[in-house]
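J.: Chains as they are written, first to last, in our numbering: chain S, 316 to 492; chain X, 316 to 492; chain D, 316 to 492; chain C, 316 to 492.
Calculated from the structure, these hints are not laboratory results. Keep in mind that a hint or two might mislead.
Identical chains share a label here; the pair holds if one copy fits it or two copies do between them.
[Said to hold, decoys possible] Distance condition first, Cα-Cα at most 25 Å in a straight line; then the derived SDA-like pairs of lysine to any residue:
#, residue 1, residue 2
1, LYS419, ASP336
2, LYS464, ASP362
3, LYS466, ASP362
4, LYS464, LEU365
5, LYS464, PRO369
6, LYS466, ASP361
7, LYS466, LEU365
8, LYS419, ARG481
9, LYS464, PRO474
10, LYS419, THR327
11, LYS419, PHE489
12, LYS464, ASP361
13, LYS419, ALA478
14, LYS464, TYR445
15, LYS419, ARG480
16, LYS419, PRO350
17, LYS464, ALA381
18, LYS466, ASP360
19, LYS419, SER488
20, LYS419, GLU340
21, LYS419, ASN447
22, LYS419, ALA485
23, LYS466, GLU477
24, LYS464, THR325
Owing to the predicted nature of the structure, the values given are computational and were not obtained by experimental measurement.
For reference, the chains in residue letters:
Number of protein chains: 4
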Amino acid sequence: MRLLGLCGSTRTGSWNRALLDAAAELAPAGVTIEPWDLRRLPMYDDDIRLAGFPAEVVAFREAVRAADGLVFATPEYNRSLPTILKNAIDWASRAPDQPFNGKKAAIMTASNGALGGALANHHLRQVLVYLNVFVLPGPEVMVGLSPTKFKDGRLADEPTREAVRRHMAALASFARA
Amino acid sequence: MRLLGLCGSTRTGSWNRALLDAAAELAPAGVTIEPWDLRRLPMYDDDIRLAGFPAEVVAFREAVRAADGLVFATPEYNRSLPTILKNAIDWASRAPDQPFNGKKAAIMTASNGALGGALANHHLRQVLVYLNVFVLPGPEVMVGLSPTKFKDGRLADEPTREAVRRHMAALASFARA
Amino acid sequence: MRLLGLCGSTRTGSWNRALLDAAAELAPAGVTIEPWDLRRLPMYDDDIRLAGFPAEVVAFREAVRAADGLVFATPEYNRSLPTILKNAIDWASRAPDQPFNGKKAAIMTASNGALGGALANHHLRQVLVYLNVFVLPGPEVMVGLSPTKFKDGRLADEPTREAVRRHMAALASFARA
Amino acid sequence: MRLLGLCGSTRTGSWNRALLDAAAELAPAGVTIEPWDLRRLPMYDDDIRLAGFPAEVVAFREAVRAADGLVFATPEYNRSLPTILKNAIDWASRAPDQPFNGKKAAIMTASNGALGGALANHHLRQVLVYLNVFVLPGPEVMVGLSPTKFKDGRLADEPTREAVRRHMAALASFARA
Chain S
316 MRLLGLCGST RTGSWNRALL DAAAELAPAG VTIEPWDLRR LPMYDDDIRL AGFPAEVVAF
376 REAVRAADGL VFATPEYNRS LPTILKNAID WASRAPDQPF NGKKAAIMTA SNGALGGALA
436 NHHLRQVLVY LNVFVLPGPE VMVGLSPTKF KDGRLADEPT REAVRRHMAA LASFARA
Chain X
316 MRLLGLCGST RTGSWNRALL DAAAELAPAG VTIEPWDLRR LPMYDDDIRL AGFPAEVVAF
376 REAVRAADGL VFATPEYNRS LPTILKNAID WASRAPDQPF NGKKAAIMTA SNGALGGALA
436 NHHLRQVLVY LNVFVLPGPE VMVGLSPTKF KDGRLADEPT REAVRRHMAA LASFARA
Chain D
316 MRLLGLCGST RTGSWNRALL DAAAELAPAG VTIEPWDLRR LPMYDDDIRL AGFPAEVVAF
376 REAVRAADGL VFATPEYNRS LPTILKNAID WASRAPDQPF NGKKAAIMTA SNGALGGALA
436 NHHLRQVLVY LNVFVLPGPE VMVGLSPTKF KDGRLADEPT REAVRRHMAA LASFARA
Chain C
316 MRLLGLCGST RTGSWNRALL DAAAELAPAG VTIEPWDLRR LPMYDDDIRL AGFPAEVVAF
376 REAVRAADGL VFATPEYNRS LPTILKNAID WASRAPDQPF NGKKAAIMTA SNGALGGALA
436 NHHLRQVLVY LNVFVLPGPE VMVGLSPTKF KDGRLADEPT REAVRRHMAA LASFARA
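Construct all of the structure, not just a fragment, from the sequences and the given hints.
T.: Here it is as structure tokens:
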């Protein structure tokens with residue numbers, strides 16, 4: 316099973332990139348997560364779209380289409396999705412044949428604060444309903460107080476690692492059904 | 316396949332009751348929807364709960380547990396769930412062994428106004444994530460301008476009937492997986 | 316300035332009742348908060364409403380109308396409003412002359428978990444937009460891990476007390492404008 | 316009173332740009348709305364931010380800071396904010412001295428579909444709570460079925476024009492308080 320990993324943060328030392336790495340490490344045997352760097356995409360513009368999808372957009376849409384499932388790991392920016400993640404979704408969502416249609420997905424969020432990105436988590440869920448994505452409900456992974464849970468660029472907190480392990484097992488089972 | 320039908324409106328001539336009837340009529344062969352009248356439940360009270368679930372609450376929890384899936388049809392009250400529906404969920408959600416866990420569900424909303432209960436639809440989705448319910452994403456059924464679409468207590472608008480038919484087919488397929 | 320205090324929890328030893336007590340204690344001089352016990356209201360029913368508002372509903376609507384502003388303190392039940400609070404709002408929201416119209420309000424939430432009722436906080440904000448209530452934005456008061464912050468039925472955590480103090484000062488200033 | 320107009324769509328013939336034009340036309344005497352073209356901003360990137368705000372970002376932040384209030388008009392992209400609008404907010408929201416703090420604002424949305432951008436409207440409200448913006452509650456302006464309401468690049472539907480007029484009068488009154 317080949318899952319596509321989409322990270323909403325691009326900064327060096329990103330908690331969410333480390334969370335995605337942990338998901339790859341803790342996923343069941345036979346499940347791989349291949350990250351796709353969302354910085355490759357230009358900023359969404361309707362006039363550009365109407366002139367034809369740029370090459371990187373085509374590549375992204377193909378990567379979504381080819382995947383057996385999706386794993387999102389994202390911070391919360393101002394109680395919603397970071398620009399870079401919304402940008403990728405806006406490009407991929409456009410007709411014809413939007414590639415998210417019918418996919419299975421899991422959402423994890425991590426933040427510095429106590430809420431663990433809960434609002435971004437739910438905004439992303441609302442977006443994905445519209446794109447006809449089947450999103451795993453629980454066990455929810457919303458990692459708060461990230462500076463206390465990651466160490467040297469690695470998810471170190473054992474209860475959080477266990478939650479990620481269960482989340483990935485549930486996603487694999489859901490995506491196989 | 317026996318689905319439990321939960322209607323958020325109790326008034327005579329409710330659009331949402333008619334919507335649930337349409338879902339039962341338009342569901343694939345072999346799929347039945349049995350409504351459960353949420354008025355049977357007392358108002359949620361933590362002190363009563365701690366003294367033991369009332370008999371009707373026990374019966375409701377058993378009905379949820381026994382179902383092969385759930386079909387919600389609800390109006391929007393003040394941009395969120397009607398009291399009677401939130402009440403049922405609050406009773407059923409409590410430990411031990413909350414019966415929503417792992418169920419598959421579909422959500423339909425109908426309202427007089429243009430929005431078709433879109434905000435209530437999404438509040439209910441957020442609630443059900445927490446209860447570990449797998450909710451069908453699309454095709455969304457949000458019926459706006461209900462007075463123009465129901466006639467003599469029956470869903471009469473053909474495009475809406477087709478949307479309900481596809482929604483129920485998708486739920487049956489999802490719940491079987 | 317006489318504010319109406321509306322608490323979404325009725326259990327003995329409720330964190331949110333203690334939060335409302337703290338708000339009353341820490342409000343600026345000249346500002347009082349009078350609680351209204353939402354248990355007095357019957358469960359919302361459209362048929363009852365059409366036959367005429369029950370006496371307790373009339374009393375509640377008058378209390379909202381007479382207030383110079385509103386202070387909500389509520390737990391989160393299943394990522395949304397507790398039944399008892401939604402019930403009160405559904406009763407009060409009905410025509411004619413819904414009494415929330417144009418009021419100023421503040422929302423505080425407290426919960427056992429880490430999120431501090433953030434989802435309920437925002438569901439309530441969405442509800443109040445519809446009722447044309449002007450809700451104070453920040454500084455947000457979402458009290459997580461309540462068992463560590465309340466002691467002997469009193470809000471004991473000093474940073475949280477300071478946040479409540481600032482929230483009430485901001486509300487008083489907003490409601491005076 | 317000088318309001319800043321922020322439009323979430325950049326395409327030629329945008330309904331939301333025409334909605335913003337209508338707001339300018341229908342605002343009370345003495346109130347002007349100056350649009351700021353969000354396409355001028357580069358895509359948000361934390362590494363760029365840490366190296367110093369680009370010149371256009373500085374200009375945007377100054378424009379927000381100098382305004383007596385904000386008027387948003389935006390489409391809904393995938394049930395949330397368009398990339399270009401989230402991008403502008405993410406740039407402006409960063410420390411130090413984020414310029415949205417304490418501003419008054421109004422939100423209007425327009426879409427082709429029946430919902431009128433209701434979900435984007437509420438996502439934007441949630442974002443603005445976090446930035447301590449006081450957002451006008453009602454009368455809500457959510458323009459659905461836009462192709463039937465705009466003509467030759469101008470808002471032509473009279474009931475919608477009246478709703479915009481009342482919305483702008485309410486904003487002017489709110490921003491003056």
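J.: All hints, please: hold or fail.
T.: To see whether the hints hold, each was checked on the structure:
no.	hint	verdict
1	LYS419 / ASP336	within (19 Å within a copy, 30 Å between copies)
2	LYS464 / ASP362	between (43 Å within a copy, 23 Å between copies)
3	LYS466 / ASP362	between (44 Å within a copy, 21 Å between copies)
4	LYS464 / LEU365	between (44 Å within a copy, 24 Å between copies)
5	LYS464 / PRO369	neither (39 Å within a copy, 33 Å between copies)
6	LYS466 / ASP361	between (41 Å within a copy, 21 Å between copies)
7	LYS466 / LEU365	between (45 Å within a copy, 22 Å between copies)
8	LYS419 / ARG481	both (16 Å within a copy, 19 Å between copies)
9	LYS464 / PRO474	both (10 Å within a copy, 23 Å between copies)
10	LYS419 / THR327	neither (29 Å within a copy, 36 Å between copies)
11	LYS419 / PHE489	both (7 Å within a copy, 12 Å between copies)
12	LYS464 / ASP361	between (40 Å within a copy, 21 Å between copies)
13	LYS419 / ALA478	both (19 Å within a copy, 22 Å between copies)
14	LYS464 / TYR445	between (33 Å within a copy, 23 Å between copies)
15	LYS419 / ARG480	both (17 Å within a copy, 23 Å between copies)
16	LYS419 / PRO350	within (16 Å within a copy, 30 Å between copies)
17	LYS464 / ALA381	neither (33 Å within a copy, 40 Å between copies)
18	LYS466 / ASP360	between (38 Å within a copy, 24 Å between copies)
19	LYS419 / SER488	both (10 Å within a copy, 15 Å between copies)
20	LYS419 / GLU340	within (20 Å within a copy, 29 Å between copies)
21	LYS419 / ASN447	both (9 Å within a copy, 15 Å between copies)
22	LYS419 / ALA485	both (11 Å within a copy, 15 Å between copies)
23	LYS466 / GLU477	within (16 Å within a copy, 32 Å between copies)
24	LYS464 / THR325	within (19 Å within a copy, 36 Å between copies)
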